[in-house]
Structures are given as C-alpha cells and as structure tokens.
Amino acid sequence: MIELYCEDTIAAISTPVGEGAISIVRLSGPEAIQAADRLFAGKRTLSEVPSHTMHYGRIVDPGTGRTIEEAMVSVMKKPKTFTREDVVEINCHGGLTSVNRVLELVLDQNVRLAEPGEFTKRAFLNGRIDLSQAEAVMDLIRAKTDQAMDVAIGQVEGTLSRLIHQLRQQLLDILAAVEVNIDYPEYDDAEVVTGRLLRDRSIAVRKQVDHVLSTARQGKILREGLSTAIIGRPNVGKSSLLNHLIHENRAIVTDVPGTTRDIIEDYVNIHGIPLKLIDTAGIRETEDTVEKIGVERSRTALKKADLVLLLINYHEELTEGDRQLFTLIGETPAIIILNKTDLSGGVSIDAVEKLAAGRQIVRISLLNEQGIPELEESIASLFFKNGVTQNEEAYVSNTRHIALLKKARSAISDAIEAADQGLPVDMAQIDIKRTWDILGEIVGDTVSDSLINELFSKFCLGK
Amino acid sequence: MKGYQAGTYDVIVVGAGHAGVEAGLASARMGAKTLMLTISLEGVAFMPCNPSVGGPAKGVVVREIDALGGEMGHNIDKTYIQMRMLNTRKGPAVRALRAQADKQLYQRAMKKTIEDTENLTLRQGMVERLIVEDGVCRGVVVATGAEYRAKAVVLTTGVYLKGKIIIGELQYESGPNNMQASVSLSEHLKELGFDLVRFKTGTPPRVNGRTIDYSKTEIQPGDEEPLAFSYDTKEFIKDQIPCWLTYTNDETHKIINENLDRSPIYSGAIVGTGPRYCPSIETKIVRFSDKSRHQLFLEPEGKETKEVYVDGLSTSMPEEIQRKMLATIPGLEQVEMMRPGYAIEYDAMVPTQLWPSLETKKIEGLFTAGQINGTSGYEEAAGQGLMGGINAARKALGKEPVILDRAQAYIGVLIDDLVTKGTKEPYRLLTSRAEYRLLLRHDNADLRLTELGHKIGLIREERYQRFLVKKQLIEQERTRLAVTTVKPSEEAAELLEQRGAAPIYEPLKADRLLKRPELNYHDVASLLPDNGTAVPDDVGEQVEIQVKYEGYINKQLQQVEKMKRMEKKKIPQDLDYSVIDGIATEARQKLDKVRPISVGQASRVSGVNPSDIAILLVYLEQGKLARKTG
Ligand SMILES: Nc1nc2c(ncn2[C@@H]2O[C@H](COP(=O)(O)OP(=O)(O)OP(=O)(O)O)[C@@H](O)[C@H]2O)c(=O)[nH]1
Ligand SMILES: [Mg+2]
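Just so you know, the sequences run in chain order X and V.
Using my numbering, you'd call the opening residue of the first sequence number 1 and step up by one each time.
Using my numbering, you'd call the opening residue of the second sequence number 464 and step up by one each time.
Calculated directly from the structure, the hints in this document are not laboratory data.
Distance condition first, Cα-Cα at most 30 Å in a straight line; then the derived DSBU-like pairs of lysine-lysine:
(1) X:K78 with V:K1025
(2) V:K553 with X:K407
(3) V:K934 with V:K1027
(4) X:K77 with V:K1027
(5) X:K407 with V:K978
(6) X:K304 with X:K407
(7) X:K407 with V:K1031
With the hints as extra help, turn the sequences into a complete structure.
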C-alpha cells in the first residue's frame, strides 16, 4: 500500500550519486533520530545533541559491530526543517559502496525507503511549501516517479526478475491451494495444505531469498569493483604484485624498504570480477612523517577493503609485523600469499598456516612469474563459489530491491514461525500473502486479482 | 394504459428476492413507509438455484446481516433441513456455517414476516418505468397503470431484467424458473443512460428422490451440535435431513463431449458472461479434461417434497442429453428428472455507476441492490439489499448514508469491490477478497456491527442490552486471564500431558498459557482458582480467539488504522479531474468514471498508480490552502 501520510520514517540518498562526491543519507520522520542513533558511535548520542548541529562519529553495523564509515551527522529537529519533521543527515564520503551500505543499515532500523519526491511531498503536506510552489511539487513528483520507474525497470534484470517471478509462482501455488481448502472445503481434488507442508515450502522459498540476498554483495562488486587491499611488510613485493596483476609498471619497485609511501590504486578485471587494487605503504612503525601518513591511510584502506591480499616473505622468518597484519585483517576475506618462493625457504609454513586459520595460502614468485594464474583463480573462486559464472546468477544491487528482499525474508520467516507454533494454516497464509505482495513490488506487479485467477484456472470449482 | 395515482411512500422496493426482502424490511423497520412490488407473490424470497444458505465468506455475510438487524439469519434458522460448520479444522477466521434450506418453507416464513411487518406493503405488480424528474427518482409506474410516488426507489430485480432461458436449442424470454421476465424496465434503464451488461448463470436438473438409489452414494449428514446463524435464535431444528455425494464418470463425460455441438455455450447461442466459480458441467469437462470425475451433491429441496437438487451438474445441454447424462451417474441410473437444468441470461447494471451507498450517480434517489449489480448468490444479494434499504430509508428520512468499510464487514468488501472495480463476471464473495479476513470472522459479526445496527434503529433495545453484557463479559474475562496466574500443580501437569502440551515449571499468566495451540479456553479456565465463575460459551470462544491470535489480529488492526486514515480523506463529489495535470490520462479517465468518495477508495481503482494518488493528494491540499488564503 502506498503511504500518503507522514507517520513513518523515510530515508534516501539525497545527493546525486557519483564517485568522489560527498553523498548524504537523509532520514525524515518521527523516528529519524532514534534510528540514526542505533548506528552512530560518537562522543554523544544523537538524541542528546541540540538541534541543528553536526557531529563527527562512526557508522557502525549493529549486527557485526564493524565500522562502515566515518561520517559527519547533522541533527535537525522539527519544525524548522525542510520537511517539518525530525531530519538526520549522514554525510558519507566513501563513495557509492559505503553510502549504499549506510542506507541499507538505516533501512534495517524500521525506516522505509522514500518514494520519489517524497521529501518534497512531505514538506508540502506539512505546510512548509506555499501554494505557488504546489504546481512545481506535482511536476516534481511526476518527473521523479517516471524517472525512478524507468530506472527501476531497467534494474530488474532478466535473471533477477525471472527469479522473483519464480518465487512468486511458488508462493502463489501455496496461496491458491490454501484458498481452495478454505473457500471450497468439500472440494476433494485439491491438496490439503497442512502446517507442515506450508512450512516446508516456505523454508524452501526463504532459502532462495537468502541466496539472492547473498548475491547482493557480489552484485555490488560487479558494478563497483572489489576493493582489494594489498598489504604486507615493507619490501615484500606489494608493488610488484600490483604491476603483475595489471600488466603494467604502475608502481615504483625498488629494493629499498618503504618505497611506496602513499596509496596507489588501479583497476583490473580478473575472471570477470573487476578489482580495484590498492597498493599500500608497507605497514610498520615509522618516524618519517610522510610515510606515517601513508601507513595511516593503509590502515584505512584495509578497513574498507572487500578483500585483502596479505603478502609474506617466503625467504624470511615471520616477524612481529607479520603477525600484527594477521590480526589487522579481522573478518575481511583474505588470501595469504607467500612471495619470493624462488629464494630459499625461511618462513615457518606451520606458523603461517596457523595464523591463516583456514584462509587460502598461495605461493608465488613474482620474479619468476610463477603462481600468478593460481592466485587469480583463488581470488575469483573466493567470490563465486561453486563455479557459478556471472551470467547465470541473479544479482541484486539496487538498494530498494535489497530492502524489499529483506522485508520479504522477514515476512516468510513469520509464516514459518506461525507454522512452527502450530497456528492454523490460514494465519500463516497472511504472511505468505504479504511475502508475495512484497516480492511483487520488486517486479512492479501488484495486481491483486492474480490469486483469484489462479484459483479458477487451476481448480475445477463448483459448489 | 391509463395511469392512476396509486399512493405515496417513503421508499419503494422493486423486487422481493433476497435483496428486495432485506431492503423492504430494513426500510420499514427504520420507520419509512415502504412499498414492495414484485412480479409474482410466489416469487418472494425464492431460491431458484441451490437450496442452501451460507458457506465460507457467504455465511459470514448472513451473520453480518443478522447483526445489522436483517432477516436472512432468522429465516434460515427457522427453515433449514440441515446445518454444518465448515472449516472446523482451520483457523477461526475461515470458519463458516452452511445450511441446506427447505425452499418452500423458507419462502413462506419470509413472506409471513413481511406481511406481519408494520409500515410495509407487499403488492404484486410489474414495474415498467421510473418516474424521474430533474434527475431525481420520484416513483415508479406499474404495468396496470398504477403510479406510485416515493422519496427513494430501490431496484432489486435479480436476473429478471430481459431474462432469457436457454436449454439446448430451446430459448425463451423468462425470469428464473419460468417466472415472467421484466423487459420494459431494462429498456427504460438504457433510455435513462445506464450502462448494462449481459451476464449468464445456470442451474442443474432436479430429480425425484424416490427414484435415487442412495446405497450407491455417500451420506453427508448435518452437524449434531445445535448451530444457528442468528444471534437471536434459541430453538434448534432436531430432525435434520442428510445430503448425498456421488460422482460423474467417463461415461457421463463421453455423452457431453459427443454432444458439445448442441451445447449453447459452445455453439455460440449464449453471449452472456458466466461465472468461473460456478461453471456448468460442460465447461468443467472441456476445461479440465484430465479430471476423470466431478463431485455431485444430491441436496433435498425440502421436507414436503421429493425434489432433489443435483449440485455440480449445472447445465444448458438439451433436455434429451441431460437425461442421458443423469442415467450414467451412480445412484441416478433409474432417476426421474423433474425439471431440466437451464442457463439464464440477463441484463445487469455496470456497478461502477453507483456510489458506495448503492445510490446511482446518475439519478438521485435511485438505488440498486443484488444480482442487478452483477453479483451472484443469495447472501451477496441480501447483504446489498439490506444496505440499499437502509440507505434508501435514510435518504427518505433526510439522513446521511451508512457505508461499511473493508475492515468492518464482508458486505463492505463486496460493495467496495463492486463500485470501485466493477466486475467482468457475476461476482461472488470469496474469503480471499478480504484483506482483513482475520478481523471479519463469523464469530465476531455481532461485535463488529451490533452497535451500528442499534444506532440506525434496526437492533431492538433488548437485544442491544444483551449484546452489551456479552461485550463486557469478554473484557472482564480477558482481564481476569491477564492478571491471574496458573501455578504448576499436579492438576495442571495432568491436563497438560493429556493435551500433549509441554509442562509448566514456573507460575504463568493464564492468557500466556491459552496461547498454546494445544489448549482451549475451557482447559485454561479449569485451572484457574475460581473456576466456578465460568462464562457463557460464546464469551469463552471470543476470549480464546482474541488471546490466541492476538499477534495477527494486532497486525491487521495496524493496517486497518492506515487504511482508515486514507478513507477519511474525502474527495468532493464534483471534483474536476481534467484540471489536475499531473494525473496520468488513463488514471484520470478511471477516476472520473468511478468518482471515488475518498482517497482510500481512489487508491483501489484499477489503473491508478501511487504517483497519481500523491498528486491527487497534493491537489486536494492545494485546494484547502487556496480556501484558507482566499
Ligand atoms: N627474489 C625475488 N624478489 C622479488 C620478488 N618479488 C619482488 N621482489 C623484489 O623485492 C623488492 C621490493 O619489491 P616492491 O614490490 O617494491 O616491494 P613493496 O612491498 O612494494 O615495498 P615497499 O613499497 O617498500 O613497502 C624489489 O627489489 C623486487 O624486485 C620475488 O618473487 N622474488
Ligand atoms: Mg611498494
């Protein structure tokens, strides 16, 4: 159902999205401040700060405790705001990926993605905009809606849309069967949908939703590149690795430790996955201020990375620095690379394996150009397990779709829970119907007659 | 024909079928001087199709009619031959009563009620035209020349408008069961500028029960426990009559297939649109050719007759073929057919021409209700008849119309669907048409509607007081369960084990315990300290449902809140949609046609998108602003 009244809290990215530009995630509505507070780690909680002030802090995923973004957050309390509601703006500067990530987190806090033009609409409905501007508001709503529709339709790619249609058909099958049981109790030719059957089928649907959601990250990677940090002690061969992977002498390579002093980035495509490679300054304690800044930046790059390539010198013993790097990686997916295998072995393989804790270890020699195809293989397989190629897989990358899929997941989970609790099938049916409706929003099909049509085309009903 | 002034009334109801009788009774009971005109007095509350009332969704409608002070529930409770509760193994939201009616008794009882009602005149007469002055309906003209004047007129003409019966190659003008059709009125409505559509429905053959071999069929008895539609009913019919189940087979299907060229449906003789949910046997066999058999229910038409209705065998095949078909069916090999099945085509109003009050937009004071609005089914007709009668009487008495919303009643869903979306086939209520099914239960129809019924003057004081007591008892009992603790005890352990529920180790609030699926209200009440103060069964039932399904009920209530806010945003009746640029052309045309009364209704019009609604809303606000500043 469409929302016409300003009772819930909405959010959207409110500046033109683009590389480099600062993007703002804007929230408006009665719960804007609480919602932002749940993600914000700063000196004070946002509910305490005075209106119309800005605050520095981190945006933290409450689920994992991981920092997503460092951000300036402004808090504006009603009524002196654009919408005449409480407004919070989260200023992100980490590019598209992290803004989207912040928005996703916001949308998990009982906040709804704003309809096109909705902030302006609220401003109007709350009396902020005067009569002379009303016409403009209507134009805006129309323009934005049309534009968004085009974009939305474009974004439901063939595979995703096929998958959603499939899921909806599965749900429709359950719905129709339950409805026949209800409306034609004597009709003996329809399968009797028991709580158990409903539960099993719902679980199957949820699994597929989960799977689509798990591709959300991969979808984003396909669009924006997998941000890959190359880290390691000074002189271990980081810049050499970058140069090899991009087949170009982009970074300066010398035998002087600490050659790379700032971050060097470049793009490369490995097995269809675009990588944004980030060569970093070797991380070590240093007194040199220029290098110090570089090291600091490396730490940040590491935090934001989707993938870490950690280089270890095969020729030398593990150092305290190496060990620290393992801890720095945290939970980010990583591949451990033993470089300089052309030289004699000095590192304790046992110790490395222990530290790697199950992560892949690849041996290479950049000097002899050995092991590089294997490394590329490892990178690709880390993100596309089971040999799935990107064309067959449906990827969700659109924030709206992700939000809707999450909603659908929670609705189908309610159905499963209802069945588990032994509630009657027609109760769980309410949740299944809701799941079906939500998925319909993704592909733009909200016609409610389908169920009744299904009923009559599938079953030969009389009495 | 020479006309004469035959009398003046507040309300005239044209037709005395299931819609007409409710309309007439409601209007008269509300204090409006009411005239009911019917083509034949033999047609009062006649059931031309199956001898049954209720079923999923429909049964809830009967309860709703009863809670609003209508008659259908009372009347079926007096005249059923068997009654069953359906869907007992599913949730409370979809439970429903269905009764097999004694057709003749049903008619007689209803006719008597009408005759006994003050303010109400029942008269035979074929209405040929309406008296319309300056776009307002002022009365009707009968074929005999009688001219009746009234402040409001309700048309409940069922399938009589230009009715045509079709049996194989035979076709003739007729109302149901060879009653006289109403031809002039249909023409007159077209002259007045109304859009009519041609619909079709059908009925199966009737057979003599003496010639059925029941040993080859399965018995379908009524429920033993006493059941009733009306909240007033205290006496129950004891000796119920069973129905019987048999099936078609390959032989039956072969006969039909071989004679499809003689079927009016497939030969093109029938042009009207039939309902998908009640297909003829020939349609079933063509469309579901992989099904090897179809169910047939043998339903007695009453206690004083041997006539049996062959439910499931609706057909318009030639009589000769119908007899051959019957002879193939187990139990019916030797059966004597008493009446052939037939299809009937008729004219119906396009219902989007109505306001939600059932008044036509074109002609003030003219209401239409029942099958004339494109529905099918006695209950759908009766529900509309009741609302049409109520609103016609209120119009005559100078009051605002009463409109039920989609969260209040199935009747609200039905009327809203009709006037907002229209219908392409005869419309039947299904539980899936209601988005708040869990709130629209058959057990709580009184809680939903008695207050309203009382307010509009259709629920008597005595019954209202009884209702208030029940309501209070429910509240009290819910509070008691919320504050009373059940402690672990031997007694509790034993009961829980018996019911297959997990034992309790800690003291637990009684309502928490009641949430367990294995336990019912009586189980929990028996564990409470003062179990002597047991409440009546219907109160216990309410408490149990409200507690057990609280989560889901609350979820739906929240949705209803949102919906109601949209319904409250009214749209002026004279709004000129053509000046609102932003609205897409298709949406604008649809809105202009339907003329929704609220933003909520507008959002349900097909082809209207969220952006159109947003723009409409901005436009309405703008108007308000203009009035404020201007
Ligand atoms: N023997 C051998 N030498 C290598 C290999 N890979 C790189 N080197 C040499 O190691 C030295 C350091 O290489 P870089 O790529 O600059 O190392 P880095 O990690 O970027 O160093 P910093 O930027 O100073 O932190 C250079 O002299 C390389 O030629 C290898 O596989 N085998
Ligand atoms: Mg370097």
